[in-house]
Amino acid sequence: MSKKLNNKSGFTLIELIVTLSIFGIMMVIAIPSFLTYLPTMRLKGAARDISSSFQFARMKAVSENNTFAVKFTGSSYSIYDDNDSDDIYADTTDPLDIAIRTSTLSDGISFGVGTNVSSGVSGGGIPTDFITFGGDACDFSPRGTADSGTVYITNTKNESYAVTVSSSGRVIIYVWDGNSWESS
Numbered sequence: 001m002s003k004k005l006n007n008k009s010g011f012t013l014i015e016l017i018v019t020l021s022i023f024g025i026m027m028v029i030a031i032p033s034f035l036t037y038l039p040t041m042r043l044k045g046a047a048r049d050i051s052s053s054f055q056f057a058r059m060k061a062v063s064e065n066n067t068f069a070v071k072f073t074g075s076s077y078s079i080y081d082d083n084d085s086d087d088i089y090a091d092t093t094d095p096l097d098i099a100i101r102t103s104t105l106s107d108g109i110s111f112g113v114g115t116n117v118s119s120g121v122s123g124g125g126i127p128t129d130f131i132t133f134g135g136d137a138c139d140f141s142p143r144g145t146a147d148s149g150t151v152y153i154t155n156t157k158n159e160s161y162a163v164t165v166s167s168s169g170r171v172i173i174y175v176w177d178g179n180s181w182e183s184s
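Residue numbers (this note's numbering): 1 to 184.
Fair warning: there could be bad hints in the mix.
Between beta-carbon pairs, the in silico distance windows are [claimed, not checked]:
1. G10 / M59: 50 to 60 Å
2. G74 / S183: 22 to 32 Å
3. S9 / T40: 41 to 51 Å
These are calculated hints, taken from the structure and not from any lab test. All C-beta atoms, glycine included, are put in the ideal place defined by N, C-alpha and C.
Using the sequences and the hints, build the whole thing.
And the structure:
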């Protein structure tokens, strides 16, 4: 007499229910934490995007031996190829100025500083203009130099970042830590 062994592999219904229950409990715990951190992640991402746009415009200015600019309007910013070097961007009558990339700030992100910020990046009082470049545009020359200035951004949690460009074209991101601006 031989007995057949029943070797079926797989999960039982009870094992599946227990696994899904544990997963569901973990999600209920994790999602609120994630949602409270979401505005911070968006703000940090926006600061990095602005920094990348500055670096891209500088690289294009040097590689194409032409002036490029990052122009801020409303809640967006564009990179322009200033082919006629007139420092006028988004001129609909001038086909020489070409917007090569446009970005919009994420939901909940705006140009400005949180209510807890007590000074600008370079010291002094709280900036009243949150884009300190002349004409709200940062020009990059074919030599890699730039108009110096700062862009301040904030979120719904009053957190603030600042992206600065030095006259040498160096881009630095700062975050307000509650007491002062720290490079991030």
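Consistency of the hints with the structure:
1. G10 / M59: 50 to 60 Å: Roughly 56 Å apart at Cβ, these two residues keep to the hinted range, so it holds.
2. G74 / S183: 22 to 32 Å: holds (28 Å)
3. S9 / T40: 41 to 51 Å: holds (45 Å)
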